[in-house]
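**Q** Read off the chains here:
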Amino acid sequence: MNPIDHQLNRLFRAAAKAGVDHAVASPYGLETRVLAAWRTAPHFGFWDGRLLVRGLILAALIMGISLWPTFQSTPANPFSEYLQLADSDATVQIDNSP
Amino acid sequence: MTDAEVSACLARGRDGDEGAILELFHYMYPHITKLVRANLPAKESSEDLVQQVCIKVINHLHQFSGKVPFLHWVSRITVNTCLNQIRYEKHRPEIRLGDLSEEEANLVEQLATSPVEIDSSEKVAAKELVDKLLSSLRPADRLLMKLMYLEGHNIEEISSLTGWNIALVKVRAFRARVQLRKRYALLMKETP
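For the record, the sequence lines run as chains Y and A.
Take 1 as the starting number for the first sequence in the working numbering and just add one per residue.
Take 1 as the starting number for the second sequence in the working numbering and just add one per residue.
Here chain Y is said to cover these stretches of chain A; the calculated rule only asks that three of the stretch's residues, wherever they fall, bring their Cβ under 8 angstroms from a Cβ of chain Y:
1) 20-30
2) 53-64
3) 110-117
4) 120-128
5) 142-153
6) 179-185
Here are some chain A residues the structure puts well away from chain Y; computed CB gaps all over 12 angstroms:
7) 1
8) 2
9) 76
10) 80
11) 97
12) 102
13) 138
14) 164
15) 166
16) 170
17) 171
Listed next, the in silico SDA-like pairs over lysine to any residue satisfying Cα-Cα at most 25 angstroms (straight line):
18) 182/A <-> 38/A
19) 170/A <-> 13/Y
20) 17/Y <-> 40/A
21) 56/A <-> 31/Y
22) 123/A <-> 5/Y
23) 182/A <-> 12/Y
24) 34/A <-> 29/Y
Don't read these hints as lab results, they were simulated from the structure.
C-beta atoms are modelled at their ideal positions from N, C-alpha and C, and glycine is treated no differently.
Model the full assembly from the supplied sequences, consistent with the hints where possible.
**A** Quick look at the structure:
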């Protein structure tokens with residue numbers, strides 16, 4: 001092993017023995033401040049985000065199912081009748097041209 | 001607190017039970033404090049940051065899906081809050097031998113000259129020296145080095161605590177270690 005790595009590892013092992021001081025009790029007033037912030041924050045409650053998303057998906061599904069028959073009965077090209085008329089009109093115009 | 005108790009507390013908390021919120025606060029407080037102190041930005045008060053994280057967690061309880069343990073979710077929020085706080089901290093002090101205390105300078109010399117383990121009576125000086133060395137790294141690298149070498153977490157645990165994927169943890173750990181080696185080598189050059 002690289003001597004620098006070896007020295008660093010020894011340093012880290014010694015530092016790890018010092019540990020991290022653990023706080024058990026929260027400082028005075030912190031609990032109250034956190035609770036106060038929780039009380040004033042807007043909460044979704046029953047209408048939380050997930051319920052809203054599920055509702056929107058369900059609504060989209062119902063809309064899709066209800067519109068399905070309409071899509072099925074619509075002709076493949078809604079402009080085809082118009083194009084046929086335009087075509088025949090063009091033929092008439094050519095026939096009557098001087 | 002067991003997982004079942006945490007789940008019950010979360011359900012009550014989401015329904016607006018103040019007692020449950022308090023229970024959750026007391027459960028996560030030591031965990032948040034430990035992480036914040038380990039990643040404390042230089043000029044930031046740990047109490048302010050702990051309060052910020054606690055409020056963030058409590059106000060976003062409805063977003064907790066339960067896919068990971070509650071404390072892991074809390075850890076991710078804590079780590080991200082700390083990293084966001086120190087993202088703009090541009091000052092990365094370059095550590096010189098003259099900046100070290102007498103005990104720390106002796107420790108560096110001892111490391112260079114003797115192969116034996118450092119005596120436990122010098123653990124505080126060792127911790128301070130490590131903190132100074134780590135302060136020259138980027139915040140994310142600093143956090144990773146602390147979790148890995150000072151707290152003894154393995155790569156999977158770090159991935160779970162931080163939300164970074166395993167490959168990212170490995171790459172970051174490798175780069176951070178290279179940087180740390182460079183800083184330490186510079187320090188060693190100055191030793192008589």
